[in-house]
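With chain A held as given, fit chain B onto it using these hints.
For the protein sequence lines, the chains are A and B, in the order given.
Counted from 1, the first sequence has number 172 at position 172 by my numbering; the numbering is strictly sequential.
Counted from 1, the second sequence has number 260 at position 260 by my numbering; the numbering is strictly sequential.
Hints may be right or wrong, so weigh each one.
Stated by the list, open to error - Restricting the straight-line Cα-Cα distance to at most 25 Å, the calculated cross-link-like pairs of lysine-lysine (BS3-like) are: (1) Lys64(A) / Lys19(B); (2) Lys614(A) / Lys195(B); (3) Lys52(A) / Lys19(B); (4) Lys231(A) / Lys317(A); (5) Lys51(A) / Lys19(B); (6) Lys65(A) / Lys19(B); (7) Lys707(A) / Lys19(B); (8) Lys614(A) / Lys19(B).
Rather than coming from a laboratory, the hints here were simulated on the basis of the structure.
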Amino acid sequence: MNIQKVGVIGAGVMGASIAAHITNAGIPVYLLDIVPESASNRNGVAENAVKKLLEAEPAAFMDKKNVRLITTGNIEDDLPKLADADWVIEAIIENPQIKQSLYQKLEAVCKADCLISSNTSTLPLALLVKDMPDSFKRRFMITHFFNPPRYMRLLELVSSAATDLTFVKAVSQFADIKLGKNCVTCKDTPGFIGNRIGIYWLLYGLLDAIKNGITIEQADAVISAPFGIPKTGIFGLLDLVGLDLIPPILKGMKLALPSQDAFHEVNRLPDIVQKMINEGYTGRKGKGGFYRLNKVDGVRIKESINLVTGDYATSEKADLSAIKDAQKAGLQVLLSHPEPVAQYAWRVLSNTLCYSASLVPEISDDITEIDAAMRDGYNWKFGPFELLDKIGVSWFVDKLKSENRPIPTLLATNSSLYSTDSGRLAFADLSGNYHPVQRAEGVLLLSDIKQQTKPLLKNGSASLWDIGDSVACLEFHSKMNTLDMDSMAMINQSIDKVSREFKALVIHNDAENFSAGANLGLLMKAIHESDWPTVELLIKTGQQTYQRLKYAPFPVVAAPSGLALGGGCEILFHCNAVQAHAELYMGLVEVGVGLIPGWGGCKEYLRRCLMQPKRPGGPIPPIIKAFQTIGLASVSKSAFDAKELLYLSTNDSITMNKDRLLADAKTKALALSKDYAPPKPYLYPIPGKTAKVLLNMGIKAFHLIGKATDYDVIVSGQLAHVLSGGESDFTAPLSEDNILALELEAFLALVKRPGTLARLDHMLKTGKPLRN
Amino acid sequence: MNNVVIAGYCRSPFTPALKGALARVRPDDLAAQVIKGLVSKAGVNPDDIEDLILGCAFPEGEQGLNVARLIVFLAGLPNTIAGMTLNRFCGSSMQAIHIAAGAIQMNAGEVFICAGLESMSRIPMGGYNNMPNPALYETFPQAYIGMGDTAENLAAKYQIDRKTQEAFALESQMKAYAAQQSGRFDDEIIPITSKYGTVDKDGCLRPDSTAEGLASLSPAFQTTGTVTAGTSSPLTDGAAAVLVCSEDYADAHKLPKLARILSFAVSGCAPEIMGIGPVAATNKALSRAGLKLEDIDIVELNEAFSAQSLAVLKELPIPADKLNLDGGAIALGHPLGTTGARITGKAASLLQRENKRYALATQCIGGGQGIATILEAI
Chain A
1 MNIQKVGVIG AGVMGASIAA HITNAGIPVY LLDIVPESAS NRNGVAENAV KKLLEAEPAA
61 FMDKKNVRLI TTGNIEDDLP KLADADWVIE AIIENPQIKQ SLYQKLEAVC KADCLISSNT
121 STLPLALLVK DMPDSFKRRF MITHFFNPPR YMRLLELVSS AATDLTFVKA VSQFADIKLG
181 KNCVTCKDTP GFIGNRIGIY WLLYGLLDAI KNGITIEQAD AVISAPFGIP KTGIFGLLDL
241 VGLDLIPPIL KGMKLALPSQ DAFHEVNRLP DIVQKMINEG YTGRKGKGGF YRLNKVDGVR
301 IKESINLVTG DYATSEKADL SAIKDAQKAG LQVLLSHPEP VAQYAWRVLS NTLCYSASLV
361 PEISDDITEI DAAMRDGYNW KFGPFELLDK IGVSWFVDKL KSENRPIPTL LATNSSLYST
421 DSGRLAFADL SGNYHPVQRA EGVLLLSDIK QQTKPLLKNG SASLWDIGDS VACLEFHSKM
481 NTLDMDSMAM INQSIDKVSR EFKALVIHND AENFSAGANL GLLMKAIHES DWPTVELLIK
541 TGQQTYQRLK YAPFPVVAAP SGLALGGGCE ILFHCNAVQA HAELYMGLVE VGVGLIPGWG
601 GCKEYLRRCL MQPKRPGGPI PPIIKAFQTI GLASVSKSAF DAKELLYLST NDSITMNKDR
661 LLADAKTKAL ALSKDYAPPK PYLYPIPGKT AKVLLNMGIK AFHLIGKATD YDVIVSGQLA
721 HVLSGGESDF TAPLSEDNIL ALELEAFLAL VKRPGTLARL DHMLKTGKPL RN
Chain B
1 MNNVVIAGYC RSPFTPALKG ALARVRPDDL AAQVIKGLVS KAGVNPDDIE DLILGCAFPE
61 GEQGLNVARL IVFLAGLPNT IAGMTLNRFC GSSMQAIHIA AGAIQMNAGE VFICAGLESM
121 SRIPMGGYNN MPNPALYETF PQAYIGMGDT AENLAAKYQI DRKTQEAFAL ESQMKAYAAQ
181 QSGRFDDEII PITSKYGTVD KDGCLRPDST AEGLASLSPA FQTTGTVTAG TSSPLTDGAA
241 AVLVCSEDYA DAHKLPKLAR ILSFAVSGCA PEIMGIGPVA ATNKALSRAG LKLEDIDIVE
301 LNEAFSAQSL AVLKELPIPA DKLNLDGGAI ALGHPLGTTG ARITGKAASL LQRENKRYAL
361 ATQCIGGGQG IATILEAI
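Next up, chain B with everything else stripped away, as it sits in the complex:
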C-alpha cells in the first residue's frame, strides 16, 4: 500500500472577523494566494497535482459554487487540476487530507492540495439561509445547539470552573505570543496582498491578556455561565493548505517529507457536548495506528473553547509540554473550515522542528463529531 506524506504546509495570517485586516478580502482570493504560495514553496510540479480538495464550513456566497474549482483558476494553476469543496464543519480541511490519503492509497492520484478557507467576516456563521428542519427541532433540538452552549454543558459536566478555563486561555495567549515574537510563525505564513495592502501577521492574538482582565469579562452565552469571549476562540478569517502526496512521489521529486500519515478517524457523539468529539476520534485513530496516547510526542488539539479543551484533556491526559506548543485557536483564531489543515500541517512541521516521532492533530466538530489524524516523522 502507498505511504502518504505531508510535503508542505502554509497558511494565511489569521485575523479577527469584521474588524481584522482580512475582513475586506474575498475568501476565494485569500485561499488562492495561500495555495499558490504552497505550490511555489513546496516546489511541486503543478501538472502532477490531481485535485484541490477544499474544506469550508459555510460554502455559500463568495465561498459557494464549488469554490475549490474556482480557486484553481484564481491561483493560476493548470486547469487539469480538479476541484472539490467539502463540508464537515470545523473538521472540513482535515477531512480533505483524509480523502487525499485514501485516494493515494487507492492509486487514485499521487499529489493533492488539501486546503481550508473561511471568511467569517463575509459569510456569517450559520450562513445566509439557515433553514432548520422544524420537525427535528421539535423532537431533537440539540441538533441545532449553539456552540457556546455546548461549551457550557462540558464545563458543567466536567466541573471546569471559570478560573481554570481562564488560566488555560491565558497560557494559549502566552504561547502564541512567544511563538510570534520569536518568528516561529514566519515560515508558515503566506503574506496576503490586496488593494487594501499586505497582511503578513496574525491579528487575533491578545498578548495583553491578564488573569484579572479575563476574570472581568461577562459570560458570552449564558448569564449564569462560565464561558466568556476570552475563553472562546474568536471569529476569524483565514485559509490554510497542506500538500499531500505519496511517499514515492516525494522521494522521486525530492520534496520535503514533513510527516507520514499513520492513521485517521472520525466519530460521532451527543451534539450538546460536541466538544468532547476528539476523545473517541483520537482513541480510534490511536488504535488504528497501534499506538497508545503516551506514545504521542506532539499534540495539536483545536481550542474551540477552554472548557471544551479541558474536558477533552480530562479524558485524554496529554502533558502540557506536548500540547499546542505555539498556542491554539483561543489565541490564534479559528476560521472554522480552515483549522483542520492548520493543525495537521502544524503538527507535521512541529515533528520536524522538535525532532519528535509521533504527532496527533484532533478537533471537535459542531453537530457532535470528532476527527483525528496521527502522524509519524520520517
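Next comes chain A alone, as it looks inside the complex:
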C-alpha cells in the first residue's frame, strides 16, 4: 500500500495543520469541512483555514508553495472526491455519534484499501467502531497527532485486533519516513500515553501550586530547564494549549478511567481556572491566561496572575538562586532542598514519575514507548523513565519509602531502568529484566554508536567516530556546538585520518542544533585585549580548514538539524553535499554581531548566486542577491526554504525524520565515494568597485528611511566591498583565495571598531542583536 493522496476531514486548527504537514511531504491533500448555515461560500470553512495556515506562527508549511497541494471542499458536496484517497484522517468534533455518522459516509465513498483514521485525543477506538461493519473495522485506527503537527514528532497509533496490519504498517512507514514522525504504538486506553501522563503532570502542578502558595513564575522556573522540560513549564504550557480545553478532557477522563486510577486525585478544575475561562482568559489564543501581555502606555508588559487573588501584576522573574546552587550539585540535591519551591518540584515530579511507572503495562508494555511519547509529544528532553535514571532510581525509591509512599512495581527492583552494560542500550521490564532497544531499519543514531564504541579521535570540542562501512562521523559537542580552535584542529585531524583509513566523512551530531557558529567568547577576549594576531589566526585557520575540507580527497557529507548559523552554516557550504533534516534553520547571521562571514561564507554563497542557472543575466544580480541575503542575516525556515535561499543546492537532499538523518547521509557519502574527485576551484567574474558603489547607494537609501542603522551602514559597506570583489574587474575573474583575502581584510577592519564590540557584547549578554 502506497500513500499518495490523503483526505483530512475537519479544518480546525489540528485538521488544517495536519493537512499542511502532509503537503510538506509533497503529498496532495483534500481538506473538507462542513457547510455553515446560510453560507454563501460552501467551502468557506476550509478556505479560511488554509488562509490562516499561511499566516500560522510557527509556520505550518515548510515551503509556502505547498499550499497548492491542498484542495479545499465541503463534506456535503465533495466526499466522493475521496474515492482516490489512500488515507482519510478524521479530525472533527469529539462526539462519537457525529464521528460514526461520518464514518458511514466514508465507508460508502472510500476505496476498499483506503485507511480511515481518527485524530481523536480522548475517545477510545472501541467506542468509535462500535456497531460499525467489519469492513470498516479492518481499515480503521487512531492516528493521534500533537499540536503543532509539523513540529511535534509524536504520532500515537492505536489499532484494534480487527485492524488489518497492512494498514498499520503502511501508515507507520509513511508517518516515519515522509512525515518525520516517531510512531508510538499505544493501547486503547484513555488519553493514550502522552496526554494520560502529560495532563496528569499539568494538573498536579497546577493544583499543588494553588494549594501551597507557589507563584506561577516559581513553578515554571523549577519545572522546566532543571529537568529538561521546555521553559513554558506548567503554566506557560497550559496557556499555550488553551485553558478551555481542560474541562472536556477532565470530563472524558472521569468517565473513561477506572475508579482507582490516581488521575482522579487531580481531576478537579480549580475555581480560578473556571473564572478565567468564563472571562475569556483562555490562554494565548484568548485575552491571555496565567500570563498575559498588557499594553501600558504603548509598551507591552508581561504580566502574570496571582493564583490566590486572580489579579494580574508585572511578571517577576523567580529568584531561584538556592535552587540553582542545588541544581549544580545534582537533581537529588535540588529535589531534597528545603526551599518550598524545591519541595513543590519534588511533589510534582515524584507523583508524575510514580504515576507513569504505575501505568506499565496498562498503557504500554515498553517503557521506551512511554519515554518517546513524552519526549516527542511534550518536548521533554528525557522521558519519565530516563528522568528517573537521571535522578537515580535507588535514591528516588528510598525517598518515597522515607515518606511512607507506595513503590510502583516497575521500581521495586530498585535498579536503573536503562542499561548499557551489554554495550547496547537496553530497557527494563516489570521483572527487572533488560531487553535491547530496537531501532527500525534505516535508523542510525550517533548516541547508539557512542554507547558501543570509543571515539577514533577526541578533544574538548569535537570527536571522530567510526560509523561503519568505512565511513567516519565528525561530531561537534561543545556548548551549542560552537566552533573554536579545537573544532578546527579536530577537522584537520579528521581529514588526515579519513584520507588514510576511510572512504568518506559525515559531519553530524544528534544535539538539538547542529552549530550556533563560531565561539564568540574567544573572539571577544582577543578583541578586548586588542590581540589582532589572534583574531587573524582564528579567521585564517577557519578559512584554511574549511578549504581543506572542501578539497579533501574523499567526499564530505554534512547531516545538520536545527540551527546552523554563522560558522556552522559556512562549514555546510564547504561540504560536498548536505543531507539536511527538514527542520534546518541555517543562515549567515554575522552582520548581527557587526561582522561579515569570514570563514568562506561570502565566497561560497556568492558562488552559489553566480552559478544559479535561473538568475537574471549580467554581473550585478548575483551580487545583489548575496548582499541582500547576508546583509539581512536571512535564516531558512526549513530545509526546503534553505534551497530557495540557495543555502542548499539542488543536489542536497532532505530527510524528514531526524532519526534517519545519519543513515541517509552515510548512504549519500558512500554513493559519492565511488570514483570521487574533489570539486574544481571556481573563478569569480565580479565587477569590483562599480558594484560596491551601487550597493552603498542602496544602503544609503535604507539609512535615510531608517531601515538601516548607522552601524549597519559600516558593516554593509564592508560586506559590499567583499561581495563586489574589491578593486577587481569582471574581465579578470578572482580566485577563491582572493575572495578569502577580502573576507579577512573586512573582518579585521570590523573587529577593531567599537560598534562591532558593542554588538558582540550585547549578543553575548542578551542573546539578541544590537541595533546600533
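The following block gives chain B in isolation, referenced to the frame of chain A:
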C-alpha cells in the same frame, strides 16, 4: 516647412507594478496591443508609416534588444516600418514625438508611431545591471541620486510642507476618479488581453484617499522627510502611443488632427533637484513658440511627486483650472518611459474636448532634465 500634427492617441490601462492586473503581461506584448489599437483607431494605412519610435527608461530584459523593432512584428505591422528604441528616462516617449516631428519637418518621413512602454513589475527601476561609475560617484554623487531624495530637496528648497503636498495629491486623486467615473478615459484606453484575462480599467487610483489617511502615512524616503507613498507617483505598468504625421498627410487621408506641434525643448538642471526640470524646458518651448505662459489653456504637468509639481508651480504659476484636468501621475501612475506619450496625447485630446487653443505638456527627468511640448488646436 511641414506642419506636424498629432493624429491619434491611446494607451493601455495603467496598473500598479507587481500587484496590478498587468504585472504578468510582458511589456512588448502590452505595447504591441496599444500600437495595434492606435493604428486601427486612427485609420492610418500601415504601409505609410515610416518608423516606430519607442521610449523606454530601462530598455533591457523583456524591454531590450531594440524592442521597438520587435513590437513591429508583434503588432502584425508591415516589416517595412522601422523600429527605434530610445531612452531619455521619463522623457523618453515625449522625445520620440520630438524626433518624429523633426524628421517630418526634414521630409524624412510622413507618418510615425511614437510610443512608450514600461513594465516596472518586470524590469526593476534601475534595471538589472546598474553599474555606476565609481569615480563619478565619488566626485559628483548626485548624478545617481534617488528620485525621492530630489523631491525632498525641492520640498525643503521651496518650503512646501507635507500638508500642502497631501492636498495636491488628494486633488489629483479626486480629479482622476471623477474622470474615470464619467468615462473620460474610455476613449483613450485600449483593453489589454492576455491569458490572465482582459484589463480595461486603470488600477492605480485610490479614490478612498482622505486627508487624514494621507497624513497618517510614514515618510517614504527619509525618516525626517515629508514625501510619502501618498504624495509620490506609484510604480506602474503601462504603454501609450501617439500617431504623429505631417498636416498635409492628415488632410490627404482625412485623419483626425488633434493638435499641431508648435514647439518643444529639453533642458538640464542640477540632478539633486531634477523635479524643477519642466521650468526651464517650458520657458524655452514657450519662447520658441512665441507664447507666454498666460497664453496656455491646458497644461499636462507630470506629477512625479507632489513636492516636485508644487515646486514647478511656484516658478510657473499655472492656474488650477488649467492643470491636469483628469488628474495626474500621483493618481493614474507613472510608467516612466510611457508618460511622455500619455501627457502629450492627453494634452492634444483635451484641446479638442475643452475646445481650447494652446496646450503644454511637460515633465521632469531623472539626472536633472526637463522636457516640454507646446501644442495648438487646429
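Against the structure, the hints:
For the given pair, Lys64(A) sits about 18 Å from Lys19(B) by alpha-carbon distance, which is consistent with the 25 Å threshold. Distance check on the hinted pair: Lys614(A) and Lys195(B) sit about 23 Å apart at the alpha-carbon level, within 25 Å; holds. Restraint check for Lys52(A) and Lys19(B): the C-alpha separation of about 21 Å stays at or below 25 Å, so the hint holds. Proximity of Lys231(A) to Lys317(A) is assessed by CA-CA distance (about 13 Å); at most 25 Å being required, the pair is judged to hold.
Of the supplied pair hints, the one linking Lys51(A) and Lys19(B) holds, its CA atoms being roughly 19 Å apart against a limit of 25 Å. Taking the CA atoms of Lys65(A) and Lys19(B), the gap is about 18 Å. The hint holds against a cut of 25 Å. In summary, the hint linking Lys707(A) to Lys19(B) is supported, as the alpha carbons are separated by about 23 Å, within the 25 Å threshold. A hinted pair counts as satisfied when its Cα atoms are at most 25 Å apart, and Lys614(A) with Lys19(B) qualifies at roughly 22 Å.
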